[in-house]
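Same order as they appear, the protein sequences are chains A and B.
First residue of the first sequence? That's 1 in the working numbering, and the numbers climb one at a time after it.
First residue of the second sequence? That's 336 in the working numbering, and the numbers climb one at a time after it.
Any given hint could be a false lead.
[Unchecked claim] Covered stretches of chain B, as calculated for chain A (at least 3 residues, CB under 8 Å):
no., segment
1, 396–405
2, 581–594
[Stated by the list, open to error] Per the computed footprint, the stretches of chain B lying under chain A, defined by three or more beta-carbons under 8 Å from a beta-carbon of chain A, are:
no., segment
3, 640–653
4, 693–706
[What the hints assert, rightly or not] For lysine to aspartate or glutamate, the following EDC-like pairs were computed, each having C-alpha atoms within a straight-line distance of at most 16 Å:
no., chain 1, residue 1, chain 2, residue 2
5, A, K163, B, E409
6, B, K579, B, E693
7, A, K77, A, D27
8, A, K294, A, E269
9, B, K584, B, D494
10, A, K40, A, D109
11, A, K84, A, D72
12, B, K579, A, E140
13, A, K130, A, D208
14, A, K84, B, D494
15, A, K163, A, E140
16, B, K392, B, D373
17, B, K584, A, D27
18, B, K392, B, D620
19, B, K579, A, D27
These are computed hints drawn from the structure, not numbers from a lab.
In this text the structure is predicted, and so the values were computed from the model without any measurement.
Note that beta-carbon positions come from the ideal geometry of N, C-alpha and C, so glycine has one too.
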Amino acid sequence: MNKLIKISAVSLLAMGVYSAQASTLSDVQAKGSVSCGVSKGLAGFSAADSAGVWTGVDVDVCRAVAAATLGDATKVKFVPLTAKERFTALQSGEIDMLSRNTTWTITRDASLGLNFAGVNYYDGQGFMVKSSLGINSAMELGGAAVCIQAGTTTELNLADWGKANNIDYTSVVSDTNAQTLSNYDSGRCDVLTTDASGLYSMRAASNDPSEHVVLPEIISKEPLGPVVRQGDDAWFNIVRWSLNAMITAEEIGVTSATVDDVSNNPERERLMGRSGNTHEYVGLNSDWTYQIVKQVGNYSESFERNIGINTPIGIARGVNALWTDGGILYSPPFR
Amino acid sequence: MKQSKSLFSLLSNNEVRGYVFQAVALFAIVFMAYVAIDNLFINIEARSIHTGFSFLKNRAGFDISEFLIDYTPEHSNLRVFYVGLLNTIVVAIVGIFFATIIGLLIGIARLSNNYLISKLAGGYIELFRNIPVLLQILFWYNISLIIFPHPRKSFEFFDAIFINKRGFYLPKPIAEDGFLWVVVALVVAIVSVIAMKRYFKKKHEKTGTYTSTFLYSTLLVIGLPAFVYFIIGSPLHLDYPALKGFNFKGGMVFSPEFTALAFALSVYTATYIAEAIRSGIEAVDKGQKEAAAAIGLTPVQSLKLVVMPQALRVAIPPTINQYLNLTKNSSLATAIGYPELMSAFGGTVLNQVGQAVEILGMTMLVYLAISLAISLVLNIVNKKMSIKGR
Numbered sequence: 001m002n003k004l005i006k007i008s009a010v011s012l013l014a015m016g017v018y019s020a021q022a023s024t025l026s027d028v029q030a031k032g033s034v035s036c037g038v039s040k041g042l043a044g045f046s047a048a049d050s051a052g053v054w055t056g057v058d059v060d061v062c063r064a065v066a067a068a069t070l071g072d073a074t075k076v077k078f079v080p081l082t083a084k085e086r087f088t089a090l091q092s093g094e095i096d097m098l099s100r101n102t103t104w105t106i107t108r109d110a111s112l113g114l115n116f117a118g119v120n121y122y123d124g125q126g127f128m129v130k131s132s133l134g135i136n137s138a139m140e141l142g143g144a145a146v147c148i149q150a151g152t153t154t155e156l157n158l159a160d161w162g163k164a165n166n167i168d169y170t171s172v173v174s175d176t177n178a179q180t181l182s183n184y185d186s187g188r189c190d191v192l193t194t195d196a197s198g199l200y201s202m203r204a205a206s207n208d209p210s211e212h213v214v215l216p217e218i219i220s221k222e223p224l225g226p227v228v229r230q231g232d233d234a235w236f237n238i239v240r241w242s243l244n245a246m247i248t249a250e251e252i253g254v255t256s257a258t259v260d261d262v263s264n265n266p267e268r269e270r271l272m273g274r275s276g277n278t279h280e281y282v283g284l285n286s287d288w289t290y291q292i293v294k295q296v297g298n299y300s301e302s303f304e305r306n307i308g309i310n311t312p313i314g315i316a317r318g319v320n321a322l323w324t325d326g327g328i329l330y331s332p333p334f335r
Numbered sequence: 336m337k338q339s340k341s342l343f344s345l346l347s348n349n350e351v352r353g354y355v356f357q358a359v360a361l362f363a364i365v366f367m368a369y370v371a372i373d374n375l376f377i378n379i380e381a382r383s384i385h386t387g388f389s390f391l392k393n394r395a396g397f398d399i400s401e402f403l404i405d406y407t408p409e410h411s412n413l414r415v416f417y418v419g420l421l422n423t424i425v426v427a428i429v430g431i432f433f434a435t436i437i438g439l440l441i442g443i444a445r446l447s448n449n450y451l452i453s454k455l456a457g458g459y460i461e462l463f464r465n466i467p468v469l470l471q472i473l474f475w476y477n478i479s480l481i482i483f484p485h486p487r488k489s490f491e492f493f494d495a496i497f498i499n500k501r502g503f504y505l506p507k508p509i510a511e512d513g514f515l516w517v518v519v520a521l522v523v524a525i526v527s528v529i530a531m532k533r534y535f536k537k538k539h540e541k542t543g544t545y546t547s548t549f550l551y552s553t554l555l556v557i558g559l560p561a562f563v564y565f566i567i568g569s570p571l572h573l574d575y576p577a578l579k580g581f582n583f584k585g586g587m588v589f590s591p592e593f594t595a596l597a598f599a600l601s602v603y604t605a606t607y608i609a610e611a612i613r614s615g616i617e618a619v620d621k622g623q624k625e626a627a628a629a630i631g632l633t634p635v636q637s638l639k640l641v642v643m644p645q646a647l648r649v650a651i652p653p654t655i656n657q658y659l660n661l662t663k664n665s666s667l668a669t670a671i672g673y674p675e676l677m678s679a680f681g682g683t684v685l686n687q688v689g690q691a692v693e694i695l696g697m698t699m700l701v702y703l704a705i706s707l708a709i710s711l712v713l714n715i716v717n718k719k720m721s722i723k724g725r
């Protein structure tokens, strides 16, 4: 039966081979908005305020794609998803792209029919405890109860780290960010573990940030970035290069305020689409990068606005600074 | 005048028409199922999503907070499946047990002549029946996290039982050699009690003299195993929980997730069972109760001997439904993190592996099998209780 289905599937595919490459770009342009999968509320990354307006670094990536493809960064439909639903929603076509602080791993990239279009935040897993416990290092956490959000790489990393360092613990797993945080607040568990950026975000959102301390150990690599479906290379290119446009804009020094200024710098003119024809290769209008930088800003504007040191979340650029500033953020050239 | 058999006259024959429509319906359903499943496989191929059950052999790599059989992150995903399944069965059994007891009491209380009792029971039913069960689970869980104290300040009882935010800690009985004989003694005692009851019942029916076996049965069931226990030299020691560092170690623990889930499910399902039992009792003819009173049975005796046997016939089918509902509602444990089948396997493994079709398919089949098993057992009970010849 399985063979019969596979044979009929292949023959059907062969018949429809000219339409095998799905075209998310034409779908998006037809319906007039980009459907963007985000979290259910992680301050600084993707969160809706009381008026229902979404903000965050992940949100900005989606807005950049909307500005590039539709010319309007507000034409995004946000779909909040839990960690469990996010990949199925993308696979099934419910969303056009997933921008939900998702870690890039080989399993997710290779076995789910998805592609990671880049990294918009280099993160790592950390621990947060109540300052009253007087703990200074994650090595002192033997026997503790640890709060985790279900279905994330966090659980796997914690198990690996616990085994490698001979530290035993009990895990308290919950479905949503809100319940995890509430478990930690009420004292159900001693430690909260998730990506360090998430820890800073949750600490900022708590009643008294000084009550919590983020421990210095980072136990994993968590490159977070946007995800799209396999089989649609044109859309993949658009999402990848929209993110790269924001990074390159910071490298060159273009901000949303100075984007209209014409300059002598040929690289800048190429980026802004005022010379060259890279827009034809991605299949968009010539002002696609211009709209991104004007409406959303460059990478550093997005970062400083949402999670920078002047915000309550207060994360320093650190490893997310440009490669010329001591970090590892690097964009291939717009040439 | 003979009419030739035309297709029209064939169709106007009721029997033929019945068969034809059934055949058409069957064909339509099978065809729709085929198209749906075919479409599923085509889409999976087109999106290059990995298929197959090979993920079951892979190392799980994550921790589960409570497990009845041995589990470490080194075990396979299939092991996670079994652990989750056992946790579901445990919470279902505990939930069914308490829901039945509470439902029985509330159902009978609802029909009491005492105004206060019947109104209180009615209030309980109305309150807990009308609130969605997920809200109740979240409510009891979060309330228990607020009410109970931090481990360092636990409620203590006899220095052996501790209650705090992280759970109910009890001493764990650990069996040593020779405990098997105590278990054997218990089984022997139970079997002899059953035999004794049968003997005295036959005697009652033959001669009319009633001998109360309650005292003998209790003495036998408790006394014989206890006797064997002391003769062998107390082959049981208790592992006491003790506060070490962050949490209690040792002993056995009922986590707040388990207790909140079991409590919420019992309280919620008990309302439906109470109503089913009430309808059963009210279905018993009024004349039965009057006749029972007329021959001198006390209210408790008439309830036990006359009303309940007849009431249970009516009450058992809806109660079977509620047991199935309770089992399926236990999947809501994902909201509070109790690692049962849906949460551990259909949640964490699903997210790590990504193959939704295989994993959720397995999970659905398991729930179907559990529900069918429960309804099979209770249908046998129902048949036993039904009036013969109906």
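Cross-check of the supplied hints:
1. 396–405: holds (count 5)
2. 581–594: holds (count 5)
3. 640–653: Three-residue rule not met by the segment 640–653 of chain B, so violated; n is 0.
4. 693–706: violated (count 0)
5. A:K163 / B:E409: With a Cα-Cα distance of about 10 Å, the restraint between K163 (chain A) and E409 (chain B) holds, given a limit of 16 Å.
6. B:K579 / B:E693: 42 Å, violated
7. A:K77 / A:D27: 14 Å, holds
8. A:K294 / A:E269: 14 Å, holds
9. B:K584 / B:D494: Given pair K584 (chain B), D494 (chain B) holds - Cα atoms ~14 Å apart, limit 16 Å.
10. A:K40 / A:D109: Violated - the C-alpha atoms of D109 (chain A) and K40 (chain A) are around 23 Å apart, more than 16 Å.
11. A:K84 / A:D72: 30 Å, violated
12. B:K579 / A:E140: 13 Å, holds
13. A:K130 / A:D208: Holds - the C-alpha atoms of D208 (chain A) and K130 (chain A) are around 11 Å apart, at most 16 Å.
14. A:K84 / B:D494: Violated. K84 (chain A) to D494 (chain B) sits at ~42 Å, over the 16 Å cutoff.
15. A:K163 / A:E140: Satisfied, since the Cα-Cα distance of roughly 14 Å is no more than 16 Å.
16. B:K392 / B:D373: Given that 16 Å is the threshold and the Cα spacing comes to 27 Å, the pair is violated.
17. B:K584 / A:D27: Answer violated: K584 (chain B) to D27 (chain A) is near 57 Å, above 16 Å.
18. B:K392 / B:D620: It is violated: about 59 Å lies between the C-alpha atoms, which goes past 16 Å.
19. B:K579 / A:D27: Roughly 59 Å between the alpha carbons, so the hint for K579 (chain B) and D27 (chain A) is violated.
Of the numbered hints stated above, those contradicted by the structure are hints 3, 4, 6, 10, 11, 14, 16, 17, 18 and 19, listed in ascending order.
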